[in-house]
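K.L.:
As a plain string of letters, each chain reads:
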Amino acid sequence: MSPLAETLLEELRAGPRQFAELVDAHRDVKWPAFLKAWGEVRSADVLGRDEDGRYLVKAE
Amino acid sequence: MKKSFRDFLQDLEKAGEMRRIKKPVDLRDVSALVAQSREATLCETLEEYPGWRLAGGLVATRKRLALAVGSHENEVAMRFEEGLDRPIEPIMVGNAPCQEVVVNGKDVDLSAIPYPLMHVRDGGPYISATCVVSKDPEYGRNVGSYRLMYRTPKETGIDLVSPSDMRFYYQRQLERGKPLEIAVAIGVHPFEMLAASYKAPIDMDEFWVAGGLHGAPVPLVKCKSVDLEVPADAELVLEGELLPIGWSADEGPFGEFSHITGDVKWNPIFRVKCITHRRDPIFYLLQMPWENDWLSAPVTEAAGLRALRNASIKPVAIKAPVGSCGYWTLIASIRKRPGEGKNALLALLSVAEVKLAIVTDDDINIHDPDDLDWALTFRVQANRDVIIVEGARGKHVDPSVRAWELGKGGLPTTAKLGIDATIPEGIPKKFYRRLEYYGRDKVKLEDYL
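Line by line, the protein sequences are chains P and B.
Quick note on the numbering used here: the first sequence kicks off at 1 and runs consecutively.
Quick note on the numbering used here: the second sequence kicks off at 1 and runs consecutively.
Quick caveat, the hints were computed from the structure, so don't treat them as lab data.
Be a bit skeptical, because a hint or two may be false.
What follows is a list of derived Cβ distance ranges for each label pair [stated by the list, open to error]:
hint	chain 1	residue 1	chain 2	residue 2	range
1	B	T377	P	R27	37 to 45 angstroms
2	B	K224	P	L47	27 to 35 angstroms
3	P	D52	B	M1	22 to 30 angstroms
4	P	S43	B	K23	31 to 39 angstroms
In silico negatives: residues of chain B with every beta carbon more than 12 angstroms from chain P [claimed, not checked]:
hint	residue
5	S4
6	R6
7	D370
8	I387
Ideal Cβ placement from N, Cα and C applies to all residues, glycine included.
Go ahead and model the full structure; you've got the sequences and the hints to work with.
P.N.:
Shown next, in the form of structure tokens:
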């Protein structure tokens, strides 16, 4: 997993986030690189959603 | 010769309805830019996406929709109905602009196309301007419009919760344990988008309808990796299959055409096997909600006209107000015979998920809210002229149907309201004679100034 994907996962472990909140936290990252990292996070199959549609890491 | 997406962009420019942005644009900013522009927007340079351009907000007003359709603003539905009445068979071509670049197999990478982030609470970046083609061995080709949420470089979510022919096709494949092949064309003329939005009978090919609207056949080309055909002049095509997993993957929220941030939905996954596009592609961002609503209105209106004519009623005018997203309300004026106010309501309420129908006589200008209010005030008795139908087909994005209480893949129902604002039978027309100013034909204001 890329360092950016690891960082995104850590942020989600810290608490639920809207997708846009994750984007806001990494505006310095180029958009295609962000999308690739997000794809890695989704492929890890550890994400859940809360009732407001925020992403979270399911119990590991 | 049918018009293309690029022809429409040129038409907008000639009409002074296009704004060009020359500075490089970040895909994370593009929706906010399009929202602030009074004109349609063409971003000429996209950061990190050399060679790509992006157009958005193209039909965000009725004026621009009328420009696309080539009619007066209040006659778009009639123009659409003409297209329905004279469908034209598409033609197959060998070489297509949409296949100038082909990316296959392991090279498929959705992060390499300008996938925009549109709204604050969206579950991810979205493609909103799609013309999705699928096929069933028994019922043939279907074309619809479905949003796609980015998941990974090779997968998207797709909103398939509402009843549709493609949902039915998918359900049939699911029962066989097989995927459903689809192809997604992006950057097509508004006529193809309108045809894709129309709920045609299941055995009707929407590309024939698009041909009828153009007055010329839609050129199609065979896809590279699936047994489907797409408009040859599209800007971008995604080919692949809906995985046979049912309604099990999270999708959404998305800023819906109902102006509301939707809920997380459970949907299938679209796995992309091949991407084709022009050498200098223009990505189309369909800006919610207005662009979707203006595209919905003539489709709903044309369906209403058809329903009225099938019920042997003579419609004079029809309107799907954009306040109801061009989808949930139909107002029609008719040349009424006794009892037809109610018949017209029943016909209009049969259209898709329309939940409010109002029928007036032909002396009412339904495009004038004051005239409509006048009819509702003086021609309606609530105990005689209102119809309520319970348990009809509803749509998930309407919060009042409480779709969140349904299980995964569940379909909501709704109540429908009809108001007959025609002059009631038995009331002499003389009671509705409008006041007239004495001397109105002879006296001129300028003679007194």
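K.L.:
May I ask which of the numbered hints given earlier this structure violates, with the numbers listed in increasing order?
P.N.:
1, 3
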